[in-house]
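A.B. asks: Okay, here's what each chain looks like letter by letter:
Number of protein chains: 2
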Amino acid sequence: MKKSVGAKTLLFPTPVLMVGTYDQAGKPNLMNAAWGGICCSQPPCVAVSLRKATYSHACIIERQAFTVGIACEDRMVEADYVGIASGRDLDKFAVTGLTPVKSDLVDAPYAAEFPVVLECRLLQVIEIGLHTQFIGEIMDVKGDADVFAEDGNLDIMKIRPLIYDTAHKGYHGVGPLLGKAFSVGKGMQP
Amino acid sequence: MKKSVGAKTLLFPTPVLMVGTYDQAGKPNLMNAAWGGICCSQPPCVAVSLRKATYSHACIIERQAFTVGIACEDRMVEADYVGIASGRDLDKFAVTGLTPVKSDLVDAPYAAEFPVVLECRLLQVIEIGLHTQFIGEIMDVKGDADVFAEDGNLDIMKIRPLIYDTAHKGYHGVGPLLGKAFSVGKGMQP
Chain B
0 MKKSVGAKTL LFPTPVLMVG TYDQAGKPNL MNAAWGGICC SQPPCVAVSL RKATYSHACI
60 IERQAFTVGI ACEDRMVEAD YVGIASGRDL DKFAVTGLTP VKSDLVDAPY AAEFPVVLEC
120 RLLQVIEIGL HTQFIGEIMD VKGDADVFAE DGNLDIMKIR PLIYDTAHKG YHGVGPLLGK
180 AFSVGKGMQP
Chain Y
0 MKKSVGAKTL LFPTPVLMVG TYDQAGKPNL MNAAWGGICC SQPPCVAVSL RKATYSHACI
60 IERQAFTVGI ACEDRMVEAD YVGIASGRDL DKFAVTGLTP VKSDLVDAPY AAEFPVVLEC
120 RLLQVIEIGL HTQFIGEIMD VKGDADVFAE DGNLDIMKIR PLIYDTAHKG YHGVGPLLGK
180 AFSVGKGMQP
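Going down the list, the sequences are from chains B and Y. The opening position of the first sequence corresponds to residue 0 in numbering that gives the first Met the number 0, with each subsequent residue numbered one higher. The opening position of the second sequence corresponds to residue 0 in numbering that gives the first Met the number 0, with each subsequent residue numbered one higher.
For reference, chain B alone in the conformation it holds in the complex (with noise of 0.2 Å):
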């Protein structure tokens, strides 16, 4: 018997995004988002619900782009950082220290110091409620090149991305692999 918590948005995990965009006088700027994922396979399809309140939401829909940068664990406290000023009122890659990197796709820039970024042409915009969401076309991803595993591919374990538990207000990081997926299950196949 499950006891009722009420209508909350517990999720778990949630990821830790670094949505970055230029506003009109071109200053880049860098939010942290927990709410968004992958929406669609082909094209590849990534969506982030920013507040109209935000300073990001006017910027995305002015420059039609936005990138996502993986939080890492190193970067935690720049993370945080950027979820808690506004751009509105400074510039957090000033304050923080982080790199600002003008994307060669689309019209946003990234912080250099966040291991894996998304580049974003805007797509789609939802109104829901109190958030929009914004779809973008996943244009091209880039990554350091020692967060590749040998096969090529990013390594989870070496990205060490932030996860952000909705419940406690917390960054956790990533545990070891557990099991293969369309593998581990195969043996239940009647």
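Derived from the structure by calculation, the hints contain no laboratory data. Remember, it's a predicted structure, so these values are computed and weren't measured experimentally. Among the hints, erroneous ones may be present.
Under 7 Å between C-beta atoms, here's a sample of chain B residues computed to sit facing chain Y [what the hints assert, rightly or not]: (1) Leu-129; (2) Ile-137; (3) Lys-141; (4) Phe-181.
Okay, the calculated bits of chain Y under chain B, using three or more residues with CB under 8 Å as the criterion [to be verified]: (5) 8-15; (6) 28-40; (7) 73-87; (8) 123-130; (9) 135-142; (10) 153-167; (11) 178-184.
Note that the Cβ used here is the ideal one computed from N, Cα and C, for glycine as well.
Take the given structure of chain B and dock chain Y to it, following the hints.
C.D. replies: Frame of chain B, contents of chain Y only:
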């Protein structure tokens, strides 16, 4: 200098979501979806993206409802199996031995054995490409008695949710708490 990996659905982490539905005949079904996440705080909403070819796709539209169970380490085998088989061919609850429970709020079932479930009514259907995104309003979240912390909130370390590594198709667990959100970054404030 980052290295390009191409336009791929590489986000870290992604969740392992157990999407529960009834078909036209009332047979309960469960599928495994990693393309999803919270997409709005008010009303509280969760999005899951499914290919049109899946059996669950038509079920969600038919019943205007679905549930989202959180796959956990103890049930990795069952979680993987429901991502391999199709409800078109067989009854996955019968095969796995999972117990279907009818939601008391929406027209969809969930598996009793997964520790947390979100009960959702269909709010929006977004066609993106290969995937259709279903936005569900979370009507309630329910958790097993043994996955709550002493403060009455759900405890991620007791839930032990699975993480899907999309690069190497593997399941991982959640590591320990690394820091508090809206807190560890405060020291960066100028």
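A.B. asks: If a hint holds in the structure, say so; if it does not, say that too.
C.D. replies: Hints versus structure:
With a cut of 7 Å, the hint placing B:Leu-129 at the interface with chain Y holds, because the nearest CB-to-CB distance is about 4 Å. A distance limit of 7 Å between C-beta atoms decides the matter here; for B:Ile-137 the minimum to chain Y is near 5 Å, and the interface restraint holds. Annotation: interface hint on B:Lys-141 holds; nearest CB of chain Y at approximately 4 Å, less than 7 Å. A cut of 7 Å between beta carbons decides the hint on B:Phe-181: the least distance to chain Y is about 6 Å, and the hint holds.
Counting residues of the segment 8-15 of chain Y whose CB falls under 8 Å from any CB of chain B gives 7; the rule of at least 3 is met. Residue count for the segment 28-40 of chain Y with a Cβ under 8 Å from a Cβ of chain B: 8. That meets the three needed, and the coverage hint holds. Interface restraint, the segment 73-87 of chain Y with chain B: holds (10 residues with C-beta to C-beta distance below 8 Å; minimum three). Counting residues of the segment 123-130 of chain Y whose CB lies closer than 8 Å to any CB of chain B gives 6, so the stated coverage by that chain holds, three being the minimum.
Taking a C-beta to C-beta cut-off of 8 Å, the segment 135-142 of chain Y contributes 7 residues in contact with chain B, enough for the three needed, and the coverage statement holds. With a cut-off of 8 Å between beta carbons, the segment 153-167 of chain Y has 12 residues touching chain B; three or more are needed, and the interface restraint holds. Chain B is given as covering the segment 178-184 of chain Y, and this holds because 7 residues of the stretch bring a CB closer than 8 Å to a CB of that chain, at least three being needed.
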